[in-house]
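Q: Chains as they are written, first to last, in this note's numbering: chain A, 1 to 508; chain B, 1001 to 1508.
Think of the hints as simulated: they come from the structure by calculation, not from any bench. Heads up, some of the hints might be wrong.
Restraint ranges, calculated between C-beta atoms of paired labels, are given here [to be verified]: (1) A/Lys-378 - B/Lys-1303: 53 to 61 Å; (2) B/Glu-1333 - A/Asp-375: 47 to 55 Å; (3) B/Val-1294 - A/Lys-138: 53 to 61 Å; (4) A/Tyr-291 - B/Lys-1303: 14 to 22 Å; (5) B/Gly-1328 - A/Glu-83: 40 to 48 Å; (6) A/His-118 - B/Glu-1042: 38 to 46 Å; (7) B/Glu-1205 - A/Glu-282: 47 to 55 Å; (8) A/Phe-142 - B/Lys-1414: 40 to 48 Å; (9) A/Asn-322 - B/Asp-1396: 53 to 61 Å.
Examples of chain B residues lying across from chain A (beta carbon under 10 Å, computed) [stated by the list, open to error]: (10) Ser-1113; (11) Glu-1134; (12) Ile-1287; (13) Thr-1330; (14) Ala-1364; (15) Glu-1403; (16) Ser-1453.
Pulled from the structure, derived: some chain A residues nowhere near chain B, Cβ distances all over 10 Å [to be verified]: (17) Pro-47; (18) Thr-100; (19) Met-271; (20) Leu-319.
Even for Gly, the Cβ is constructed at its ideal location relative to N, Cα and C.
Next come the chains, spelled out residue by residue.
Protein chains: 2
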Amino acid sequence: MKHLLIAILLFTYQMAGAQTSVEKVRQYRSLHEGDMLKEYFELLSIPNHALDKVNIDKNAFFIESMLKKRGIQTKLLQSNTKESPKVVYGEVIVPGATQTIIFYAHYDGQPVSPEKWHPSIKPYEPILLDKSIEKSGKAIAFPTNGKHFDSEWRISCRSSSDDKAGVMTIINAYDALVKSGVKLKNNIKFFFEGEEEIGSLHLGEILDKHKDLLKADLWLIGDGPVHQSGLAMIDFGVRGDVNVDLTVYGPKRPLHSGHYGNWAPNPCLLMSKLLASMKDDEGTVMIKGYYDDVIPFTASEKKAFNAIPSVDIQMKKELGINKPEGGGKTLFETYEWPSLNINGIKCADVEDHASNIITTMSTATLDLRQVLGTDYLKQIELLKQHVIEQGFLLLDRDPTDEERQVNPKIAKLKIVKGGYNAQRTPLDLPISKQVIKAVKSATNNQLLLEPTSGGSLPLYLFEKHLNAKVINLCLVNHDNNQHSENENVRLQNLWDSIDQLASIMIMD
Amino acid sequence: MKHLLIAILLFTYQMAGAQTSVEKVRQYRSLHEGDMLKEYFELLSIPNHALDKVNIDKNAFFIESMLKKRGIQTKLLQSNTKESPKVVYGEVIVPGATQTIIFYAHYDGQPVSPEKWHPSIKPYEPILLDKSIEKSGKAIAFPTNGKHFDSEWRISCRSSSDDKAGVMTIINAYDALVKSGVKLKNNIKFFFEGEEEIGSLHLGEILDKHKDLLKADLWLIGDGPVHQSGLAMIDFGVRGDVNVDLTVYGPKRPLHSGHYGNWAPNPCLLMSKLLASMKDDEGTVMIKGYYDDVIPFTASEKKAFNAIPSVDIQMKKELGINKPEGGGKTLFETYEWPSLNINGIKCADVEDHASNIITTMSTATLDLRQVLGTDYLKQIELLKQHVIEQGFLLLDRDPTDEERQVNPKIAKLKIVKGGYNAQRTPLDLPISKQVIKAVKSATNNQLLLEPTSGGSLPLYLFEKHLNAKVINLCLVNHDNNQHSENENVRLQNLWDSIDQLASIMIMD
């Protein structure tokens, strides 16, 4: 039945004249969805935390084999110390091509807490759902023998969206072009990184080491969610980010809360007061100077943002939020400002695991998003100054007994490796216009242009080490639970991304 | 060698005249330490969380066998619904006795988080240490063939202090009296409870059901730490306690902190601000009316407290605390006031497990200690009112979508079952004086009298259901890590407790 439909469509196209390249890609994909997804499930089932050296290697080898299977020349790039996950590199040199585009995605994922995932989903065992788990999605058996895949179905698994979806769609976009006989016009290179989620610690070094190999007119990043309306979107910038771990100290050993409650300082309370002091009730950061270095959006950036449909009403409803932070700013307007977000707080245990104690320490992990103008190291200095102003002795290690004797409050701040600053590419560069035109051709002109994403990627590294232009194509559904439990991707987003990436590959 | 020493001691005593009963008990114990500890290790190795029904039963049967082995008549008491852990009851009726004393201890323990314990200690595998783990104690092989047990050694294991130490010392005190031929004067009953750490939910019902069996002139509780100086101590009261779980809500699903950071309310911050509002920097509770119902210490209670050596300087040093809460009050003075303690806070994950997200909810567990005059249910009402005054819609369940749409801040408060009020027994009752005299006889008059402990036991139940007098003998070292990781007991504290309990058993 499905093949008959395709045949009718094909006939219709032929009657109407030659198929466009995108149509050819779409047709090829629709006939090969099962094979593509079978291979994707194999890739997703390999655990991919960047520090899990054995599995991260397995991912690299599997992706290399995906490239080789498609006749692409490959190479595994590594840092000098060989401590980093391997970059899977591939290249297709097209005779006569005058432009080179490198397609970037990352194959590593955020850590998982399996107990938080829905009981029917294991983080590294991809399954098909008929809809998202939040909408009570049920598992679907993987269709065989050419049976139909509903494009609203979801795949749930760690990195199904972020960012093995990038690897999957980039490779299949290329494959679909070649298999459906579309002539390539640009040199195509592939660059799949394996440590993005821990801060791309060796990326700069690898870019330096392979400067010549990695020269390109454009780095095209495939990552992140499209607009909440479902419309296609290109990001021309990202916020920077850095994580810090902040610890405060109570008694040296845990105490019975009866014998010492009311007397021994409780680190849960100390941490609460410290964190509470950092932001006001509107979410404005109260750290002195935190907004001083912000370079505001330009008029043209504001204009581009204004052309993007507002999502605030939809998102408030969808997320169950009555009053957002930001004192009345729209979601997009808040991207202009650096953020201070609490990732999590750990202080002893709660509920069934709670004991009646005063514990010894509490740790919070924060992430500080950067915007154009702010420097992540300077922002951390401001944070440190704030902690000190709250009456803490601030250390970069645990306190000694002597320090405990003379200081009422002690904190430790540790910068998690891999912080970086924001990056933006102007929307009106010729290469920007080329990309916009290509993606529009795959989306009936339904395309949103975002001057900067709220999210972060270490894109400044490409500018810094290669003087490259960087543009990010958004790939996945916005409700993908990226970074947390029950991550998922909607199939139609994979199919759309393949169309759009293929269009960029043959842009002129 | 050891036996020779004992023989010399024995000879010395005989030269000096007849041994006192306590001396006989001490001598018997010193000759049987190995057997006592072997049996104690067996008891400790049975996991004992009250909700672990299989193992909690095993504990009850083991303790019953300990009593039977010593010729004591036993009975297992249970609530009507049979849902509660069994109370192990035993009795020794002494012809001509005019007083009955019931000795109470509890054999259940706090939950354990094995990953927090020192790598060399498993929570339910008792080991001997040459000193506490905080002082870098090392494991000691269990001495065999009558070899010496250093009385400074520690046993580390869940409930080694709280409160299987009570079970062990009560049974062995009785045993030592009988085996060394001391004539009993009082009827002795044993009452070992198995759900104290979850709030003694069925204790009242069991007391009612067995009113006649449990009539006594004194309930003698064996539980809790002696004075920080190491001196023996009797508590004539306890604070009450109740736990609540408090939850605040963020977005309905976890969000990427880049795409929504600065906009979506973060429950980690909401929780921090809420907890921070509850106490000032001195630790004074800011909840309106929280101290209104307090019945202050009487002049004689204050006098008794003043006779207890201050531990504040020692404890500040030992615990690494520069400035306690309480605005200058001594540790003991703070027992006059109800407390509000944060047991723990849970909000997503930190450090290596952190993700750059805004999570969906945060929960804190609090414990509210009660003093004479305060009622735990009323104090919870005051807490609820405070939460509402901070702008929260307060529920006893998760919010609906409709409630989320119209309320900027939502919290849930759940009272953990088993709260209870404070209890105090006057120091100058005849039965109090009898106990004081008996314990003094075992401690060279080195005895401290504490009008109330800072800790809690549901002693008001004995008053309420049986109209009984209740006095608590402190048993274990103060640095026992009760309720938390690396719990331990010092051997000399077990030996001292056996002496003191035996003296009470034969008091007149």
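Q: Next step is simple, just say for each hint if it's right about the structure.
A: How the hints compare with the structure:
Taken as a hint, the range 53 to 61 Å holds for the pair A/Lys-378 and B/Lys-1303, whose Cβ atoms sit roughly 60 Å apart. Look at B/Glu-1333 against A/Asp-375: about 50 Å separates their beta carbons, and that is inside 47 to 55 Å. At roughly 56 Å, the beta carbons of B/Val-1294 and A/Lys-138 sit within the given window of 53 to 61 Å. For the pair A/Tyr-291 and B/Lys-1303, the beta carbons lie near 59 Å from each other, so the given range of 14 to 22 Å is not met.
Taking 40 to 48 Å as the suggested C-beta distance range, the pair B/Gly-1328 and A/Glu-83 does not conform, at roughly 54 Å. A beta carbon spacing of about 43 Å between A/His-118 and B/Glu-1042 agrees with the range 38 to 46 Å that was offered as a hint. At roughly 51 Å, the beta-carbon separation of B/Glu-1205 and A/Glu-282 lies within the given 47 to 55 Å, and the hint holds. Judged by the Cβ atoms, the range 40 to 48 Å given for A/Phe-142 and B/Lys-1414 holds: they are separated by roughly 41 Å.
For the pair A/Asn-322 and B/Asp-1396, the beta carbons lie near 20 Å from each other, so the given range of 53 to 61 Å is not met. Contact between B/Ser-1113 and chain A, as hinted, is supported at the beta carbon level, the nearest pair being about 6 Å apart and thus within 10 Å. Hint on B/Glu-1134 holds. Least Cβ distance to chain A is approximately 6 Å, under the 10 Å limit. Violation of the interface hint for B/Ile-1287 is found here, the shortest Cβ-Cβ separation to chain A being roughly 14 Å, above the 10 Å cut-off.
The restraint placing B/Thr-1330 at the interface with chain A holds, with a minimum CB-CB distance near 8 Å, inside the 10 Å limit. Checking B/Ala-1364 against chain A by beta carbon gives a least distance of about 6 Å; that is within 10 Å, so the hint holds. Proximity of B/Glu-1403 to chain A holds as hinted, the smallest CB-CB distance being about 9 Å (cut-off 10 Å). Among the interface hints, the one on B/Ser-1453 holds; its C-beta lies about 7 Å from the nearest C-beta in chain A, closer than the 10 Å criterion.
Interface exclusion of A/Pro-47 from chain B stands, the closest Cβ pair being 15 Å apart, more than 10 Å. For A/Thr-100, the shortest C-beta to C-beta distance to chain B comes to about 29 Å, beyond the 10 Å cut-off, and the non-interface label holds. Taking the minimum C-beta to C-beta distance to chain B, about 7 Å, the non-interface status of A/Met-271 is violated against the 10 Å cut. For A/Leu-319, the requirement that its beta carbon stay farther than 10 Å from each beta carbon of chain B is not met, with the minimum near 4 Å.
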